[in-house]
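Here the protein sequences come in this chain order: A and B. Position 40 (the first sequence) corresponds to 40 in the numbering used here; numbering is contiguous. To convert a position in the second sequence, counted from 1, into the numbering used here, add 1000.
You may find that some hints are simply not true.
[Stated by the list, open to error] Beta-carbon label-pair distances, calculated as ranges:
id: 1; chain 1: B; residue 1: F1157; chain 2: A; residue 2: S221; range: 18 to 28 Å
id: 2; chain 1: B; residue 1: T1087; chain 2: A; residue 2: E350; range: 38 to 48 Å
id: 3; chain 1: A; residue 1: K249; chain 2: B; residue 2: T1055; range: 25 to 35 Å
id: 4; chain 1: A; residue 1: T198; chain 2: B; residue 2: I1004; range: 21 to 31 Å
id: 5; chain 1: A; residue 1: P72; chain 2: B; residue 2: T1116; range: 37 to 47 Å
Keep in mind that the hints were calculated from the coordinates and are not lab data. Where is the CB? At the ideal position from N, CA and C, for every residue including glycine.
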Amino acid sequence: MNPGKLWLLPLAAAFLFPAASAGAATPLKIGFPLPLTGEIPKVGESSKYAAEMLREEINAQGGLEVGGVKYPLEFIYEDNESKPESAVSVTLKLINLDEVVALVGPQSSRQAVPAGGEANENKTPMISPWSTNPDTTRDRPWVFRAAFLDPFQAPVAARFAAKQFQAKNAAILFEVSNDYSKGLADFFKLVWEEQGGTVVAMESHGPRDNDFSAQLTKIISFKPDFIFLPENYNFAALIVRQGRELGYKGPFMGSDAWGSAELMELCGDSCKGQYFSTHYAAAGATGATREFIDKYRAKYGYVPDDVAALTWDAVNIILKAIQQGGEVNPDVVKMREIIRANLASISNFEGITGNMRFDEQGDPIKCAVVVRISEAGEFTAVESVCP
Amino acid sequence: MDFIIQQCVNALQWGSFYALIALGYSLVYGVLRLINFAHGDIFMVGAYIAFFVSTFFLSMQIVWPEGVVLAFTVPVTVILTSLVGVTLERVAYRPLRRKGVNRLYVVITALMCGLTLENGNLALLGASRKALPSLLEKQIYDLGGIALTNVKIMVIFTAILVFVMLHLIVTRTKAGMAMRAVSWDPFALPLMGIPMDRIIVFTFILGSGIAGLGGIMFAMSYPVLDPYMGAMTGWKAFIAAVVGGIGEVKGAFVGGFLLAFVEIMVVAFLPSTFRDLFAFSILLLILWKRPTGIFGMPQATKI
Chain A
1 MNPGKLWLLP LAAAFLFPAA SAGAATPLKI GFPLPLTGEI PKVGESSKYA
51 AEMLREEINA QGGLEVGGVK YPLEFIYEDN ESKPESAVSV TLKLINLDEV
101 VALVGPQSSR QAVPAGGEAN ENKTPMISPW STNPDTTRDR PWVFRAAFLD
151 PFQAPVAARF AAKQFQAKNA AILFEVSNDY SKGLADFFKL VWEEQGGTVV
201 AMESHGPRDN DFSAQLTKII SFKPDFIFLP ENYNFAALIV RQGRELGYKG
251 PFMGSDAWGS AELMELCGDS CKGQYFSTHY AAAGATGATR EFIDKYRAKY
301 GYVPDDVAAL TWDAVNIILK AIQQGGEVNP DVVKMREIIR ANLASISNFE
351 GITGNMRFDE QGDPIKCAVV VRISEAGEFT AVESVCP
Chain B
1001 MDFIIQQCVN ALQWGSFYAL IALGYSLVYG VLRLINFAHG DIFMVGAYIA
1051 FFVSTFFLSM QIVWPEGVVL AFTVPVTVIL TSLVGVTLER VAYRPLRRKG
1101 VNRLYVVITA LMCGLTLENG NLALLGASRK ALPSLLEKQI YDLGGIALTN
1151 VKIMVIFTAI LVFVMLHLIV TRTKAGMAMR AVSWDPFALP LMGIPMDRII
1201 VFTFILGSGI AGLGGIMFAM SYPVLDPYMG AMTGWKAFIA AVVGGIGEVK
1251 GAFVGGFLLA FVEIMVVAFL PSTFRDLFAF SILLLILWKR PTGIFGMPQA
1301 TKI
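Only chain B is shown next, with the shape it has when bound in the complex (with noise of 0.2 Å):
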């Protein structure tokens, strides 16, 4: 029993980070229909930022409370690193929607945007990998064979905040509504006085901000950085945001967390050489039976 709750709690670990990006998918595809390639590397940035801020902020010669290099890591990583999807957006998505062309190229220059993060990472610094310095203190608690860690408490608890703020957001907000309106119609949405690129801009906040608020939970919790870290978990974290229902936040949320259990307890009960082979066939088996994923609606056109 204590094997199944511990794998449990392994699995509410590892889906947060799914959870985390499916999000940010999630939230551009919902409003842009762009299926964002480059949101995985955003991550993978947001992780960076964290190590280049939370080493700045180390390196004062300052003896810093228990915590407080958190404390302020944690927002300024989040700002830098949602300024990078903005970043993005207006040198990369804006001038493509602007001049109308199929989405089909806006999603590879998604692709080649993820490459030219990964690739200008390595050409600025180096390809030897960054260890995270400790910015709080590991406990660890044995809870009748149970092991936690505070790290892991704070990284699902951060799923969980996270995911009941946007669905406030999207459901409850003014900027929500008009999110949800850009989806609904993006011709009609001017006309009602909506400033349609503000509201796309927020989008890319939202979405990269929770990226890189994932990028340092992942960073504290397997503190080895390396370029291409945020290819394959953005990957994964992009077919969970399918499987969940992409466009709906709701969905990601789900789709992450059921990502990881399928990983997890794959691991558990078989072989683990059978991980991602069994993990992506029983996806696939509930795409076949659900091809809108769990929460989606159908639609007219995808691409």
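Here chain A stands alone, though its shape is the one from the complex (with noise of 0.2 Å):
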């Protein structure tokens, strides 16, 4: 070598090792494949506040405590525009040019049931908050959820429909292309004829629809007791909308996706007095949720949704597994070994979404909620259904 270039070698050592040569801790990588665009954008942006609220409060105390060092926390978001491909993409780069040691995300099914087949075939360890169908971590080890499931998210619904509407006959429209929506409505079709109900109507509509006045009118023909919408906010909005403007006068029965904070202000007065099955209800909430709904609200001026309260439990359940290792192995596919490992051992997590217990295919048990929109535009808690 050219001893005039002599001088390059500290420097060349410094991007190559760069924990060797930064005095402290290296940084915990996490990275949130999220949708900040796209058809869901509240759903990104809240699960961000709340992971970003947890990033700094945790990095002020000095970062995460991992076997008597402190770590601090460093979290990537990407976006995935509410799309399918676009979350394959940015997991994969997450995964292999970020090289984070977790991954918490996608959220919606649309995009968490892809993404999901990626970060198990590159053995990352994956959690989703928010996603519902049960195909997300369906024989993938290396995939684990914090929400309850559509299989049991659809008895809730039905039964509580049959109960509060006195219903026999129910309507199903859904959204033909979301994992989620699709599923769901299935799974409450199933349900629903089981427990001696008829469905009467079961139509669906496209990603970029706006105008379902055809579908509701079908719908309305057949003279439904209600209209089950397991449908994402937007879509929901728009429907409870026209389905009033085309004179039905019935109640709608909407799933946990209803639950963002954007709902009121695009639904207004025609979702007041809806009932719809979700994860959490912030009215009248106690405890560790009252207190993360506080400190939500005032960094953020508003109320948190049911995706921001998940995220909030998903990334407390991924640094609980880092601290259970004991150990931060700089080797990041190792690393990532020891988290999967401890999040499959996790038996029980107490988190402000409630208790969670996981079973064999890293999908929790909790309770659901059904909550009812109030005059006022508040989510309120009617019923609370454990399994």
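Join the two chains into one complex using the hints; note that each chain is given alone, in its own frame.
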């Protein structure tokens, strides 16, 4: 080597071995493939806000303590544009380029099902806070979640609707290109027919539709006792409004994807008095949940929705798994293995969305709540259903 | 029977939006032989302008009588949206026309302009959706089992009115005659002393203004605005314009309603999953029989 270039050596070393040259502990990198734009941007925003709040809290104390050493947290947020194909590409980027030790997200099953496949193949632990479709974690030892499942949510909604509306005839409208919406619609139909009800109409729409008048006119002509809408909040807002404009006076029953902070802004008065099943109810919460809600509202100016609360829990589950490992292995592959092993061994976790136990598929067993949208636009708990 | 009439009303309302957007496509194509792919996004910008204008009026410390905000919002939005269209023409299309480049490049530029508008909106306003404030107390009328709202009636009448006016402008006025002349022979036109650029600007004002009007109506009917709302609706309206015979005002109007009727009737009598599949297959069949569209005339060169 030309001795004149020797001065480059330490520089090269600094690039090649950043851990060795930096005095402090290396940051723990966690990746977040979130829907920051596209169909459900509010979901992305509140997940990011909740995660940031937690990161700032922990880093303010010097970082996460693992085996006596404090490691600062580094969260990398990527936008999956609410699309399945972008979810796959940003997940791969986080895994291969950013070398994160774990992934939190994507949120909607539409993105979480394909992204989960990539995480599993690349042996990176992933936890989806909000995805409720069984396929996200099914036969994927590296994929976990913090939400309950649709096969559990469907009977909760079905039983509640049967009791509350004294309903026999149900109609369903769902988004055909959304794994979440379609899956939940199918489960609901199954359960509803099992408990002796009839599904008089089952209609669908595409991902970029605005006009549902044809489907709704058809549904209304069958005179259902209520309409089940397993829809994202943006569609729920449009569909409920249009249903009313077409003269439908009966109730709507929604699912957990209604629970965004943006629902009432888009839907206005039309959604008041409707019910949906969800993960937690902000109105009337107590204890750690209350504390979280107050902190979040003080920081960001609105009541956190279920995604924010679930993301908070999901990140905490990952952090708990890291802490249980007792060491931070500089080799990212080994570190991922440690985290996965510990995630799988967590038997009980006390989160702000309730207590969770995990089964062998990596799915939590936890309670669901049915909330009513009050006249003030708040989501008030009416009933809590536990498995 | 009620069911069919109700579905027809639904189709009339939905078709009004297609027709309003398709008119703009057709107008610009008719004059410049340019497919203005940014048109759907101009429609989106129109809806956003309506949102900002109406929120601005509502935020003033004045109690407005019923409908006044709407009466202000409509002209302001139409003017501002047509300015957007004219700006696009000035900044993007005119320089290319001056250089005499192949029309293909102008079409690609139009596509890029559309994407710029979408992503510019995303960058400026963020991804979260906007809800248009209520500008008109909603009335629901029940006519023997057929549900109508005042907004729906307004939308349908607006579309018809705009079509009639546009038809009159194109066929009965000097400006209209000049517009037809530009499309007939753009090279002979300046020799006749007709200011070509002014006619083109006039065309863009008309087309974008109508898109802006469509944007307000759309936002009032479906009050959830997002930056990509113009893309899909715009595409479909473009297809409607082609099926009707692009370049023909009549064609755009009929094509818009035709597409909406096919879409709505597919849902009414078949599983709704087939909506777009069947709708577009039927349109394909029409184009197969009549490649120039229902009212279109065969032409020597098209893109």
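Going down the list of hints, with the structure as the test:
| no. | hint | verdict |
| --- | --- | --- |
| 1 | F1157(B) with S221(A): 18 to 28 Å | 26 Å, holds |
| 2 | T1087(B) with E350(A): 38 to 48 Å | 58 Å, violated |
| 3 | K249(A) with T1055(B): 25 to 35 Å | 31 Å, holds |
| 4 | T198(A) with I1004(B): 21 to 31 Å | 24 Å, holds |
| 5 | P72(A) with T1116(B): 37 to 47 Å | 39 Å, holds |
The structure fails hint 2 only (numbered hints given earlier).
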